[in-house]
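K.L.:
With chain A's structure known, arrange chains B, C and D on it following the hints.
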Amino acid sequence: MSPPALRVRDLTAAYGPVPALRGITLEVPAGGVAAVLGGNGAGKSTLLRALSGVLPFHGGAVTGGEITAGGTSLRGLRPDRIVAAGVVHVPEGRHVFARMTVAENLRAGSLGARDRRRAAEARDRVHALFPILAERSRQPAGLLSGGEQQMLAIGRALMAGPDLLLLDEPSLGLAPLVTARIAGTITEINRYGTAVLLIEQNAALALRLADHAYVLETGAVALHGTADELAASDEVRRRYLGVATSGEDEEDLGPGPAVRPLARWAG
Amino acid sequence: MRTVRIGIAAAVVACLAAGCSGKATGGGGESGGVKTGPGVTKDTITVSALTDLTGPYAALGKGVTQAQKLYFDQLNAAGGVCGRKVELLVRDHGYDVQKAVAAYSEIAPRSAALPQVIGSPITNALRSRLESDKLLTIPQAWAHTLLGSRYIQLTGTTYDIDMVNAVAFLVKEKGLKAGDRIGHIHLEGDYGQSALAGSRFAAEKSGLKLVEQQVKATDADMTAQAAAFRKAGVKAILVSVSPKQAASLAGVTAAMGLKVPFAASNSAFAQQLLATPVAPVLEREYYVMTAATPFSADVPGVKKLAGDYQKAFPGQPLDSSVFSGYTTAAIVGEALKKACAAKDLTREGIVTAHRSAKAFDIGLGGAPQDYSQWTRPASRAGYIVKPDKAALGGTRVHQEPAESDLAKSYNPPAG
Amino acid sequence: MTALAELLVNGLASGAVYALVALGFVIVHRSTEVINFAHPSLLLAGGYLVAVLHDDIGFWPALGAGVAGAAALGALVEFVVLRRLRSGSHGTLSIVTIGVDIVLTVEIARRIGAEVLPLGDPWGDRVVQVGGVTIAQARIAALGVAVAAITVFLLAFKYTSWGVAMRAAAEDRATAALMGVRLGRVSAGAWAVAGALAALAALFLCVFPTPGLDRATSFAALKALPAAVIGGVDSTTGALAGGLLIGVTEALAVGYQDEAALLRGGFADIAPYLLMIVVLLIRPTGLFGTRELARA
Amino acid sequence: MPDSIPPSGRRDPGPAGAGTLADPAAPAGVASPPPGGDGARPASRAGRGGWARAAAGLAAAAAVCAVPFYAEAFWLQAGLFAMAAAIGAIGLNLLTGVAGQLSMGHAFFLAVGAYTYVWLAAEPERAAGHTLHGLGWPPPLAAAVAVAAAGIAGGLFSPIAGRLRGASLGIATLALVFLGQHVLFRAEAVTGGVNGRAVPPMEILGLRLADSPEPPVVLGVPFGGLEMLWFPGAALLALAAWFARGVVYGRPGRALTTIRDHEIAAGAMGVPVARYRAGVFVVSSVYAGLAGVLLALVFQRAVPEYFGLALALDYLAMIVIGGLGSVGGAAAGAVFVSLLPQLLTRYGDAIPFVAQPGEEGLSPSEAARVLYGAAFVAVLLYLPRGLRGLLPRCAAPASRARAVRAGDAGDPPR
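Protein sequences appear in the order of chains A, B, C and D. Take 1 as the starting number for the first sequence in our numbering and just add one per residue. Take 268 as the starting number for the second sequence in our numbering and just add one per residue. Take 683 as the starting number for the third sequence in our numbering and just add one per residue. Take 979 as the starting number for the fourth sequence in our numbering and just add one per residue.
None of these hints come from the bench; they were simulated from the model. Some clues are possibly wrong.
Unchecked claim - Negatives, chain A to chain C, calculated, CB over 10 Å: (1) 32; (2) 64; (3) 75; (4) 174.
Said to hold, decoys possible - SDA-like, lysine to any residue: derived pairs with alpha carbons at most 25 Å apart: (5) B:476 x C:949; (6) C:840 x A:125; (7) B:302 x D:1193; (8) B:302 x D:1200; (9) B:498 x C:686; (10) B:526 x C:808; (11) B:502 x C:807; (12) B:476 x C:934; (13) B:578 x C:795; (14) B:526 x C:819; (15) B:526 x C:805; (16) B:476 x C:684; (17) B:498 x C:812; (18) B:352 x D:1325; (19) C:840 x A:136; (20) B:526 x C:685; (21) B:336 x C:795; (22) B:653 x C:806; (23) B:309 x D:1050; (24) B:656 x C:807; (25) B:498 x C:684; (26) B:526 x C:814; (27) C:840 x A:101.
All C-beta atoms, glycine included, are put in the ideal place defined by N, C-alpha and C.
Looking at chain A on its own, in the form it has when it is part of the complex (with noise of 0.2 Å):
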């Protein structure tokens, strides 16, 4: 069997005095799914920073533990090295070069693959999954809609070809027709074979979409273990996914339009 995607032991981080990350561990499979669940302030943008190098630049700096990606240690590595050890990182809020086209966008997340020659395939493929993006390649990035700004991020990061994609919040702000939309671009992602670390307040998306999920609590892991088991946790189905705890079942979660708007952690 191959390595993990992704293997995290004890790791801790802190913003200055203050810890952010206690002792997280966790996995995801290579070619798999998994999911973080949490609160607000529970440390789950935190976790992904962590990953992904960036946490200097949010004043923080991971303090303790291992992250191997695919067999490869990432602590302590540059930004640029871990998108080059293919792991790349959808940051929470979409943060899509506003003044530059959609293009130049993807041209972007081009930047730091390993091997820039399968650009247009790459390319290709993002226009494949994402056709808004090849109509509008030629607008500022600005002027999308907020869905067409998540699909142009999530884009820009497969331009890298990663083999792990960090998604944080990818439902964050988005009406329920296009959060549905964005979920089925997510399972498309993964049947590719990229593994996918996804951080979601919309626990119910994010479980239907896992196979495995952790619920973090002030930075550290409460509960985890399979989707399906963590779906029918009570206390995961009373405060994560807004129901009371009667045993009604989950069914009506299905794909499509129907999916219920969930009522989010106090936002």
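P.N.:
Same frame as chain A, now just chains B, C and D:
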């Protein structure tokens, strides 16, 4: 609040206690029958230079300071003054007013005279202190606005006189006549304003129309000014800017085909320009009005100075700053000698001795200078020199010092 | 009419030199959002290298050495000083460049001393006459080089990976890092390019109609600062427009000071700053500066 | 809302963020005399520590009072320059350090203060060929109005300042310096043009604070202008520092830091952003005006040349070297920047790497410039909190935690 009151009381007590200090109340006294003041001890007389070795006038400052060192070394070698050695204290202010004022308050209490102060703004900033400290001061600046103080001695001609003489020269030798236009490019500030006062007076008296162009010290390219002069159809150009700006102007006007004579203030030429591409233009039609004797002049004292200086500071440029530094040091030296003879080496005594010189001449060429009054320039006659690569010091005499009739009728408003 | 044409042409030519300097400010600002107050010292360094080398190795090699040297110095400053301050805000980084400028300028000025150093350029004091308008060959060269340099950079920004990386970094450093953009390399590259442009600008500031390089040459860089701001500190086109505008304004203010009392007494020197304040009042981001593009 | 314990990328983890919200009981800094008794301290602190502090304050006050009895003119003058610089630097630090508005135009407001005082207090006179206006007001009134005038000048500029951020603001204020100097050179009737103009001495209750031929002798020491100016100078500095500490550590300081770090968030929290931004500009100009008046009095002559770019950069250097956002730091930086060149010039003979005037090598002025530039860079690199960071007791963990939290607001849009 109680604390505050106790605090105030304690502070007052502390202040009173502080009174038992031994802060000196300044020098003064008598030794060997000679009255002495600050800066004069049993065996030394200290004089000080506030110079610019690191700012925009570093070239001037270096030449002046070295020449003054040379003079005082020679003076001391010849036995000094009143049995005392004369020591030159040098402070570099880098043309910064605050540094200069700070340096002044450091050196003034132990100085008998200031043979060098570089910078008009600095001299102005120090003026009231110089007067209340009664220090004989010789600024290396020639703006007429510095006139009017018993304690401040400008040497030679002032910029305005130079420009009056320049206009007279252009009329007489270059055929300018009433109704012609004449350009004057000048720096903002004291130097330019003073020169402008002279050119305005002379132009009006001679019936010339003056075309003024003011530039800032930081301007380097004189194309626009040259174009403006050409447009105005000037027949000659007066130049009161920095040497580098003068070179730019001369180069551009020549390239534009505007062939007119230039008459420049003494600060608008430097020997270094003869190493630049504009040298041929400068050698052709550029005249510099200066009270300083050029080193190529046939004056024995100046030839000796050139030799001594080159021996003491080999490889250093020999230009008007050297002459100026040496003569200003000599003025102070002579004043000290006279004061010694009068047995009064107090500051007032030194100034009185200096002010008794009605026709100062120490064999370094130029017209004799009258230091007995301070509301008029010490002299109205200056050399007219021409740049010349081959000449020692880069210039040669074009016309011996002469006072133009125009200059005789001119009275600068004293500051 | 000829006089006006001459003023305009010469204004454009000196404006082109300002534009080269302004472009240096803009490139550093675009990639790092830092206003590079050390730019004047890079300019002085480039000019100084050309001045001391041209006698021994000829003008063109000396120019190459000056450009390369100033570029290296720029990259060195970025590497030794700015990179260590990565966590600092843009304001702090801008301030630190003032300190760098002081140190470098003192040292180079000390070496220059009181001299006026000619750069040994091939144009000399030759001028071209076109219909009564006189213009120095060196100025035509300056105009040509400035337009060429700016075109090259515009294209490079648009089409090369380096340009895309630089624009991405300028817009959002953290996200650019997530894309695998090597920020250190981008900003060192920007500093190097700024240094190279500064050396080119130094060349044209020191050849005819000025006699050569002296310690005050770097003041010209301060005039380019308003040029960069007028154009918009993050716009390359703006640098060109701002530079030309400043050059023309200055030339006109000098040329007509005889006709209008307001223009007299050194008005030309503050005109760039007045113009800048007016532009900033109307458009705080400058003429070509980008406003945030967003739907909301 | 994103994860919210961590601070955001926008916070300046370096100098500004940490420097501004430090322990309010931290010492005021090496140079500033303690701010008048204990009025500025919270009551809860007035225990044994309070007495110790009061005693230290008294000792410092006594030391300050004793200086004119011992120090020679050079030191008094240097000290007075440093006091004036400290007042100006404290004001600039409120604007740039605390509120994050980069100003390179402080010299302009100093000039407004200095020249307004000269014009109001001077009698009309003729000098250097032109007539100089003057209103002949009593000097204390003239000084007060001059300080106010600087504040008004700041108020007039604040609409422009309000529209600009960061470096653009810096460059716009730089324009003020150039425009201001241009006007100073032109307005000869008021400023005396290039030659500048004599500054009428201060007169308090009939006592002229100036040199006189027969100086009054206090406890055996003749009191000239510098000796007499020392006391009001020190008092003004103490007052300025005390007031600034009130601003920095009080509500306005917190509001300003929030605006600096997160303008949009500050607006959303109900902080009147525009009013605060304009307000701090005015306050900082008032400080500059006060510094300008004091400088003019020490100089005895106001010369336009002085109020140029170099001076503006000096002030920026002071607050950077001293520590952005801190009152004591600004004062320490002011002392460092204004004394360094003077000391190097005076004692240059004794320092090995410094060449003698007229010799080859690094001259004292150059050495001072290099040291000052290097200090500028080194402080930002290695001492993000400035000279102030060297003081013990400043890095209390509690205050750092607070600084971190205060700086937090997730990841603002760029």
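K.L.:
Evaluate each hint against the coordinates.
P.N.:
Comparing the hints with the structure gives:
1. 32: About 22 Å separates residue 32 of chain A from the closest Cβ of chain C, which puts it past 10 Å; holds.
2. 64: holds (21 Å)
3. 75: At roughly 16 Å from the nearest Cβ of chain C, residue 75 of chain A sits farther out than 10 Å, so the non-interface label holds.
4. 174: It holds; residue 174 of chain A is separated from chain C by about 14 Å at its closest Cβ, greater than 10 Å.
5. B:476 x C:949: holds (22 Å)
6. C:840 x A:125: Cα-Cα ~24 Å, so holds.
7. B:302 x D:1193: holds (22 Å)
8. B:302 x D:1200: holds (22 Å)
9. B:498 x C:686: holds (10 Å)
10. B:526 x C:808: Holds: residue 526 of chain B and residue 808 of chain C sit about 15 Å apart, inside 25 Å.
11. B:502 x C:807: holds (22 Å)
12. B:476 x C:934: holds (22 Å)
13. B:578 x C:795: holds (22 Å)
14. B:526 x C:819: holds (20 Å)
15. B:526 x C:805: Answer holds: residue 526 of chain B to residue 805 of chain C is near 21 Å, not above 25 Å.
16. B:476 x C:684: holds (23 Å)
17. B:498 x C:812: With a Cα-Cα distance of about 16 Å, the restraint between residue 498 of chain B and residue 812 of chain C holds, given a limit of 25 Å.
18. B:352 x D:1325: holds (22 Å)
19. C:840 x A:136: Answer holds: residue 840 of chain C to residue 136 of chain A is near 18 Å, not above 25 Å.
20. B:526 x C:685: Holds, because 18 Å separates the two Cα atoms, which is no more than 25 Å.
21. B:336 x C:795: Answer holds: residue 336 of chain B to residue 795 of chain C is near 20 Å, not above 25 Å.
22. B:653 x C:806: holds (23 Å)
23. B:309 x D:1050: Since the Cα atoms of residue 309 of chain B and residue 1050 of chain D sit roughly 22 Å apart, the hinted pair holds (cutoff 25 Å).
24. B:656 x C:807: holds (19 Å)
25. B:498 x C:684: Since the Cα atoms of residue 498 of chain B and residue 684 of chain C sit roughly 9 Å apart, the hinted pair holds (cutoff 25 Å).
26. B:526 x C:814: holds (16 Å)
27. C:840 x A:101: This hinted pair holds, its Cα atoms lying about 10 Å apart.
Violation of the numbered hints given earlier is absent; every hint is satisfied by the structure.
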